[in-house]
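Let the sequences and hints guide you as you build the complete structure.
Throughout the sequence shown, residue numbering follows the numbering used here, covering 1 to 350 in sequence.
Hints were generated in silico from the structure; no laboratory data involved.
Using N, Cα and C, we set each Cβ at its ideal position, and we do this for glycine too.
Misleading hints may appear alongside valid ones.
As the list claims (entries may be wrong) - The following label-pair restraints were derived from C-beta to C-beta distances:
#1 Thr154 x Glu341: 44 to 54 angstroms
#2 Ser160 x Asn45: 21 to 31 angstroms
#3 Ser284 x Gln44: 38 to 48 angstroms
#4 Asp133 x Lys216: 20 to 30 angstroms
Said to hold, decoys possible - Derived SDA-like pairs: lysine to any residue, alpha-carbon spacing no greater than 25 angstroms straight-line:
#5 Lys95 x Arg48
#6 Lys87 x Gly192
#7 Lys2 x Glu346
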Amino acid sequence: MKLSFRWYGPGDPVSLEHIRQIPGMKGIVSAIYDVPVGDAWPLQNILRIKEMIEANGMDFDVIESVPVHEDIKLGRPTAKQYTENYKQSLTNLSKAGIKTVCYNFMPVFDWTRSTLTKKLPDGSLTLAYVHQDVEKMDPVKGELDLPGWATDYTPEEMKSLIDAYGALTEEDLWNNLGTFLKEIIPVAEAVGIRMAIHPDDPPWSIFGLPRIIRNKASLERVISLIDSPSNGLAICTGSLGVSPDNDMAEIVGHFASLDRLNFLHARNVKYDADKNFDEVAHPSANGSLDMYAVIKAAVAAGYNGPIRPDHGRMIWGETGKPGYGLYDRALGATYLVGLIEAAEKELGSR
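As structure tokens, this is what we get:
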């Protein structure tokens with residue numbers, strides 16, 4: 001597996017110089033953040049980021065994410081042009097040596113939490129989700145302000161979007177995903193890129209919006225839409241793993257054995273039976289997930305693609321982008337290195 005680290009570009013308070021000092025770190029996962037959603041990514045913008053990363057001795061071959069415009073998800077007439085722009089982005093990314101592109105098909109909102117600064121018993125701060133709190137929120141009234149969410153909408157635009165999705169069923173969203181994939185996967189195949197759809201986070205409906213990438217069955221359905229290694233998955237243990245119905249080791253091993261696991265996000269969570277959860281330190285003992293079982297399943301299935309420590313807590317007084325500080329993610333990365341080594345030795349592959 002190739003250990004990687006998410007970096008938000010030159011404005012990220014976590015520097016490439018510091019990331020490169022993490023033992024075993026090989027690659028950077030990033031994106032282009034100064035191009036409007038739906039526009040094609042210019043090659044020169046991609047190469048500029050690539051040069052910064054390679055100057056620090058790391059590879060840049062994974063993108064997270066190329067956003068999918070809402071008009072594509074909604075199946076509007078303008079989806080055709082936005083899809084053509086997406087194809088151009090993939091072509092330009094391939095010219096810069098990108099091999100994996102993560103994306104999601106979540107309506108309006110990306111990952112969703114009710115707080116960014118819950119204080120855990122050890123004094124660290126973490127992202128947390130209280131289901132009843134989220135159910136009481138009204139996104140149209142501007143009660144939400146979390147990273148990863150589209151904050152450029154006016155209240156009127158937000159209401160219009162939510163109303164549009166209110167008329168959309170889950171099957172409609174599946175049909176629009178299928179239409180999108182039938183257009184972009186042949187391009188991805190032709191240019192040597194593996195697409196990796198990220199599951200919904202959390203894997204259930206919020207604000208009455210349809211969400212469809214929630215469990216093993218829905219992941220099977222995604223890859224059945226087009227039979228190609230380029231039509232693959234970004235399996236996130238911290239997204240799917242908040243549902244006790246999702247056996248993360250079984251899911252990871254299954255899709256890795258099918259050669260459809262194209263990106264692995266490793267995060268531990270501690271959940272209860274009422275759809276509440278905290279993001280915790282990566283080791284198994286801290287949460288509800290058996291992280292060694294997950295890594296062992298990936299190794300046993302022969303997965304050798306990118307893996308990254310996902311969200312981390314804020315520890316040791318660090319401040320910055322919630323979930324994306326340096327210290328706890330660095331601890332998570334070194335923990336993953338140890339798990340991978342142990343699994344490879346146990347299974348005889350090292």
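Enumerate the violated hints, using their earlier numbering and listing them in ascending order. Of the numbered hints given earlier, the structure breaks none, since each of them holds.
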